[in-house]
Structures are given as C-alpha cells and as structure tokens.
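Enquirer: Could you slot chain B onto chain A? The hints should help.
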Amino acid sequence: ELKVEQNPLFLSMQEGKNYTIYCNYSTTSDRLYWYRQDPGKSLESLFVLLSNGAVKQEGRLMASLDTKARLSTLHITAAVHDLSATYFCAVVDNNDMRFGAGTRLTVKP
Amino acid sequence: DGGITQSPKYLFRKEGQNVTLSCEQNLNHDAMYWYRQDPGQGLRLIYYSQIVNDFQKGDIAEGYSVSREKKESFPLTVTSAQKNPTAFYLCASSSGMNTEAFFGQGTRLTVV
Chain A
68 ELKVEQNPLF
78 LSMQEGKNYT
88 IYCNYSTTSD
98 RLYWYRQDPG
108 KSLESLFVLL
118 SNGAVKQEGR
128 LMASLDTKAR
138 LSTLHITAAV
148 HDLSATYFCA
158 VVDNNDMRFG
168 AGTRLTVKP
Chain B
185 DGGITQSPKY
195 LFRKEGQNVT
205 LSCEQNLNHD
215 AMYWYRQDPG
225 QGLRLIYYSQ
235 IVNDFQKGDI
245 AEGYSVSREK
255 KESFPLTVTS
265 AQKNPTAFYL
275 CASSSGMNTE
285 AFFGQGTRLT
295 VV
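As given, the protein sequences belong to chains A and B, one line each in that order. Positions in the first sequence are counted from 1; adding 67 to them yields this note's numbering. Positions in the second sequence are counted from 1; adding 184 to them yields this note's numbering.
If we strip away everything but chain A, and leave its shape as in the complex, we get (with noise of 0.2 Å):
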C-alpha cells in the first residue's frame, strides 16, 4: 500500500528565513506532486516531479526529487507572508494517487 509522509506537520517562520519541507514515500514511483491550499480553497499545482533528480523552482519555492531515497522536498527561501498556506505532496503509483498530511507554514512578520 502507498503511503506519504510529510513532516514537519505544522511550521511556523519568520520572515526571511530559509526552510525544508520533507515528504517521503513507500513505492517506487517517480511521479510526485506538490501542491498548495489555501483556507477554504481547493488545490492549487506548484510541482510537477517525473525523474530522479528533478529540481524544479518557481519564486522562493524549490522542489526535488530522489527517487532512490524515495524522498522529495520543498525548499523555502527567505519566506514572505504570501507563503503562508498548507503544502501538500502527492505520490502516484498505478494511478493510485495519495497525499501527504500537509505542512501548514505560517509566515510571520
């Protein structure tokens, strides 16, 4: 069965630092998907990761993704208020799509 771990589950920064995002998973696939929730909101796709190795940057978020440690993770750089939402990964294997708990970060001034 497919399983997804996030941590940390809760994440509370300052604004301007750095953080690591950490989602682990028990296949051998090499599709994963982070995304972003806002309260109330639906799901909004910030990655798309299909091989080992992928890095992928948009803004101050950078994602990767090793295959091999079945580890993916989602970089903040020098947080800004705006980032404040519940980040969720999402593994598929045989189209067998399954999510993370979610990381909710809060961005403090």
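No lab work stands behind these hints: they were computed from the structure. Computed from a prediction, not measured in an experiment: that's the story for all the values here. Worth double-checking, as some hints may not be accurate.
Taking lysine-lysine and the DSS-like style, the derived pairs with C-alpha atoms no more than 30 Å apart in a straight line are [unchecked claim]: (1) B:Lys-241 / A:Lys-70; (2) A:Lys-135 / A:Lys-175; (3) B:Lys-193 / A:Lys-84; (4) B:Lys-254 / A:Lys-108; (5) B:Lys-267 / B:Lys-193; (6) A:Lys-108 / A:Lys-175; (7) B:Lys-267 / A:Lys-70; (8) A:Lys-70 / A:Lys-135; (9) B:Lys-241 / B:Lys-255; (10) A:Lys-135 / A:Lys-123; (11) B:Lys-193 / B:Lys-241; (12) A:Lys-108 / B:Lys-267; (13) A:Lys-135 / B:Lys-267; (14) A:Lys-175 / B:Lys-255; (15) A:Lys-135 / A:Lys-108; (16) A:Lys-108 / B:Lys-241; (17) B:Lys-198 / A:Lys-70; (18) B:Lys-198 / B:Lys-267; (19) B:Lys-267 / B:Lys-241; (20) A:Lys-135 / B:Lys-241.
Expert: Showing chain B alone in chain A's frame:
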C-alpha cells in the same frame, strides 16, 4: 475553458438521506479521484477511476458509492451508511500521463 467542475459548492443533508456530489471534467482525462478532507487534515482517498466503467476503492470507501458511465463524469454518492459525512469533498482528474492532477473547487457537505 477546460477544467473540472464540482457542484454544488455547499450541500446540506439530513441524517439518513443519500446525497450525490457532481464532478465533471472536459479535459479528456482518463483518471478521476474523490477525496475527503476534514478540518485541519490532509486528503483521504475515497474512490478513484482509471477508465470508464471501472473504479477502485480508496482508503475510506465505506458509506460511499461512485459510478463512471462517462469519461467526463464521476459522481459520488454519500449514503446513509456514512456515519460522519460532514467534510470538504474534492474531486480531481488526471491524464494518467506525466501531468499533475487538477482539482475542482470542492463541495462542502454538512449534515443537519
């Protein structure tokens, strides 16, 4: 515009009633998914479908049913057997190839 549409946005159900949540996509995606999200929690998979007329149970399928008679549509019925149905329900679709899943705006179901 291409997209995935869920309706209604808000739904109230009396105890003992069945209700059906609609999910329609015009993205020509093969795979469709239903997730449940409780407050402050992650997404739990209810059912998914890879092709028309086929679907598989997810982690929390009890008390729910689905159908996939058309590629575009994947309705979810919350039956009276689901004892705690109040939640936010999200539908998603994917091409099944190397692209992300796209989500609808969600249906917030409340039992009154």
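Enquirer: Of all the hints given earlier, name the ones this structure violates by number, lowest first.
Expert: Hints 2, 3, 13, 14, 15 and 17 are the ones this structure does not satisfy, whereas the remaining hints hold.
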